[in-house]
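Visitor: Full structure from sequences and hints, please.
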Amino acid sequence: GAGVSQSPSNKVTEKGKDVELRCDPISGHTALYWYRQSLGQGLEFLIYFQGNSAPDKSGLPSDRFSAERTGGSVSTLTIQRTQQEDSAVYLCASSIRLGPNSPLHFGNGTRLTVT
Amino acid sequence: DAKTTQPTSMDCAEGRAANLPCNHSTISGNEYVYWYRQIHSQGPQYIIHGLKNNETNEMASLIITEDRKSSTLILPHATLRDTAVYYCIVRPDKAAGNKLTFGGGTRVLVKP
Chain W
1 GAGVSQSPSN KVTEKGKDVE LRCDPISGHT ALYWYRQSLG QGLEFLIYFQ
51 GNSAPDKSGL PSDRFSAERT GGSVSTLTIQ RTQQEDSAVY LCASSIRLGP
101 NSPLHFGNGT RLTVT
Chain L
1 DAKTTQPTSM DCAEGRAANL PCNHSTISGN EYVYWYRQIH SQGPQYIIHG
51 LKNNETNEMA SLIITEDRKS STLILPHATL RDTAVYYCIV RPDKAAGNKL
101 TFGGGTRVLV KP
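Here the protein sequences line up with chains W and L, keeping their order. In terms of the numbering used here, the first sequence is residues 1 to 115. In terms of the numbering used here, the second sequence is residues 1 to 112.
Because the hints were derived from the structure by calculation, they are not lab data. On a predicted model such as this, the values are computed, not experimentally measured, just so you know. A hint or two may mislead.
To be verified - Footprint (simulated), chain W over chain L, 3 or more residues, beta carbon under 8 Å:
| hint | stretch |
| --- | --- |
| 1 | 34–43 |
| 2 | 83–97 |
Unchecked claim - Heads up, simulated BS3-like pairs for lysine-lysine below, C-alpha to C-alpha not over 27 Å straight-line:
| hint | chain 1 | residue 1 | chain 2 | residue 2 |
| --- | --- | --- | --- | --- |
| 3 | L | Lys94 | W | Lys57 |
| 4 | L | Lys94 | L | Lys52 |
| 5 | L | Lys69 | L | Lys52 |
| 6 | L | Lys94 | L | Lys3 |
| 7 | W | Lys17 | W | Lys57 |
| 8 | L | Lys3 | W | Lys57 |
A virtual CB, placed ideally from N, CA and C, is assigned to each residue, including glycine.
Guide: What follows is the structure in structure tokens.
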């Protein structure tokens with residue numbers, strides 16, 4: 001079946017512009033997660049959703065970052081007034097439910113470049 | 001939360017079994033052991049997970065020691081496409097376990 005889909009796959013933007021990144025989770029998955037990976041670095045947790053609620057947004061780096069999820073499905077990660085340090089691959093994942101016995105399944109990410 | 005220790009890198013021979021070790025000596029009670037891999041320019045790929053018993057699926061086998069302080073991921077017949085960074089992750093059974101925390105992983109190179 002279809003996996004996690006992210007769009008766009010690549011995004012180049014100018015410093016100071018806002019960007020929106022989209023994630024379509026696997027159908028029926030109630031939990032959705034956002035991570036980012038800077039060049040040569042590890043994966044950094046940003047936020048997760050259970051349904052449309054975000055119980056843990058502890059990883060969002062600043063108030064320029066926000067995310068929402070509507071209809072328990074699609075999620076959008078928004079970065080306002082982008083900075084060069086925001087350049088990274090932004091990865092989305094989903095799982096059938098929350099909890100440690102439920103694997104996360106990742107998309108292939110959106111590569112964001114801020115010039 | 002339990003931490004994991006993995007070799008930074010290892011080489012494996014194509015066609016042979018690849019045995020990837022992971023130490024998690026502080027693992028407790030109901031914490032799961034997960035394995036993911038990340039092939040260059042792709043998102044992490046789920047491989048397998050387990051709690052106490054050994055597990056096998058179409059990709060790999062997971063062997064967890066009886067004391068649960070270490071585990072081994074076995075790729076039965078490594079191919080060049082198995083070259084990737086492999087992550088061993090212990091996932092807590094409380095709220096922190098609602099997400100995955102990635103460490104540095106093992107960079108595995110499968111050689112012809």
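Visitor: Could you run down the list of hints and mark each one as holding or not?
Guide: Right, here's what the structure says about each hint:
Counting residues of the stretch 34–43 of chain L whose CB lies closer than 8 Å to any CB of chain W gives 4, which reaches the minimum of 3, so the coverage claim holds. Only when three residues or more bring their CB closer than 8 Å to a CB of chain W does the claim for the stretch 83–97 of chain L stand; here the count is 5, and the claim holds. Among the hinted pairs, Lys94(L) with Lys57(W) is consistent with the structure: their alpha-carbon atoms are about 17 Å apart, no more than 27 Å. At roughly 17 Å between alpha-carbon atoms, Lys94(L) and Lys52(L) fall within 27 Å of each other, so this suggested pair holds.
About 11 Å separates the Cα atoms of Lys69(L) and Lys52(L), which keeps this hinted pair within 27 Å; it holds. For a cut-off of 27 Å, the pair hint linking Lys94(L) to Lys3(L) stands: about 15 Å separates their Cα positions. Distance check on the hinted pair: Lys17(W) and Lys57(W) sit about 23 Å apart at the alpha-carbon level, within 27 Å; holds. For a cut-off of 27 Å, the pair hint linking Lys3(L) to Lys57(W) stands: about 22 Å separates their Cα positions.
In the structure shown, no violation is registered for any of the earlier numbered hints.
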